[in-house]
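Participant: Protein chains in written order, with our numbering: chain C, 163 to 404; chain H, 163 to 404.
Hints were generated in silico from the structure; no laboratory data involved.
The list cannot tell twin chains apart, which means a pair is met if one copy fits it or any two copies do.
Straight-line C-alpha distance at most 25 Å; calculated SDA-like pairs for lysine to any residue:
#1 360 <-> 397
#2 360 <-> 396
#3 360 <-> 399
#4 360 <-> 398
#5 360 <-> 400
#6 360 <-> 377
#7 360 <-> 284
#8 360 <-> 394
#9 360 <-> 393
Number of protein chains: 2
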Amino acid sequence: MTYCVAIRMREGMVFVADSRTNAGVDHIATFRKMHLFPGTDGNRAMVLMSAGNLATTQSVVSLLRQLDSEGNGLNACDSFYAAAELVGRTARSVVERDAGPRQEHVDFGSSFILGGQIRGDAMRLFHIYPEGNFIEASEDTPYLQIGEIKYGKPIIDRVISIDTPLDQGVKCALISMDSTIRSNLSVGMPLDLLIYHKNSFSLQSHYDIHDSHEGYQQLREAWSRGLADTFQTLPDMPWRTD
Amino acid sequence: MTYCVAIRMREGMVFVADSRTNAGVDHIATFRKMHLFPGTDGNRAMVLMSAGNLATTQSVVSLLRQLDSEGNGLNACDSFYAAAELVGRTARSVVERDAGPRQEHVDFGSSFILGGQIRGDAMRLFHIYPEGNFIEASEDTPYLQIGEIKYGKPIIDRVISIDTPLDQGVKCALISMDSTIRSNLSVGMPLDLLIYHKNSFSLQSHYDIHDSHEGYQQLREAWSRGLADTFQTLPDMPWRTD
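Model the full structure from these sequences, guided by the hints.
Facilitator: Structure, rendered in structure tokens:
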């Protein structure tokens with residue numbers, strides 16, 4: 163599986179993706195699931211993350227890159243809405259090409275998160291479904307997840323709002339990923355981290371986080387220690403057991 | 163859906179079950195999923211929790227109660243292994259009775275957690291699958307979950323071992339449940355909490371926890387506050403965003 167999460171806050175956005183793919187536990191590999199579309203004129207910055215059938219997601223990304231080289235891709239979209247439509251249309255066309263009548267048991271579907279900013283518009287964040295339709299993150303629900311989403315959802319639900327400072331959002335997204343990795347073997351290191359600053363139109367803050375990454379290790383350890391400490395100081399219950 | 167969790171520690175066991183069932187969001191109801199089998203001679207204590215098809219789980223519990231009244235039920239089992247076998251056999255017989263050839267689209271399956279102690283044996287904890295087969299919790303993996311298990315798994319993975327004190331295990335199970343309820347609408351209050359003390363052969367420590375339960379509220383609030391405080395004190399990252 164996969165786990166990808168993106169959060170849109172007032173100050174900016176954060177995107178985190180793992181890199182493990184598996185077709186059964188004996189076929190595990192590392193593939194990047196975060197794809198950057200920085201634009202060419204300094205007026206746009208787009209990030210695409212993918213989950214689901216690896217053949218489909220790779221084809222979709224290849225086709226989108228090819229469309230860009232022909233001048234009809236994401237870089238040519240006037241709006242983020244049009245970009246989300248293009249990703250959905252491309253994904254549907256790949257599935258229609260690959261899924262034949264004798265392959266009902268294969269799931270060709272893929273989900274995508276597309277986020278970023280085009281000059282003149284606000285930051286936008288979309289979740290594109292395997293069917294090609296899509297939803298957008300809102301002020302009330304400022305985050306989107308694809309893949310193995312459940313393990314890492316509680317911490318986001320507790321911490322994140324549209325007003326969360328960007329650096330806190332980054333920490334929360336990484337902790338959400340860490341919780342998922344600890345509980346699910348099919349999600350694994352290394353991670354892609356992308357921090358987007360509002361109105362920067364830059365994808366420069368992109369980090370490749372391996373197991374030995376010092377900052378990530380410190381964050382994980384501080385969080386584990388903090389949880390343990392919090393646990394020790396919880397009030398005793400009326401159903402005390404001693 | 164449902165969420166049930168049970169943990170076996172050296173000092174005792176804890177069982178927590180929610181009580182929400184749904185067949186679509188417009189058919190939500192409250193049914194208890196924790197069933198106590200206290201025995202009749204002070205030599206055994208058994209707890210059964212269920213998830214899955216409500217008709218199947220209710221039938222299984224009814225049949226087990228009837229078997230007990232006839233002297234062939236859980237109370238007559240010499241061992242916990244035999245009890246787990248009986249639950250599995252009963253569940254399979256109900257599914258075989260109800261699932262007809264024109265009902266392939268209906269999932270009649272149910273999962274069960276069966277735990278407790280019979281005098282002369284250690285505390286035991288089993289997960290019985292819809293197929294009727296089962297696994298047992300171990301020293302390495304001292305907890306079992308059924309239903310919506312993913313949201314509440316990370317906190318257990320971080321905190322619980324066989325050596326965890328019983329009162330900490332109770333708090334952890336309740337926090338795992340709270341995290342699930344916050345993130346998934348199909349899991350809801352009230353809760354059943356059962357604390358079993360090793361070699362007590364008593365199911366007296368059974369609590370019915372409603373929204374207004376003071377201890378549970380304090381626990382939830384202390385945990386939320388502790389998480390928020392921990393979050394505030396996390397180290398700044400090399401990818402500082404200001």
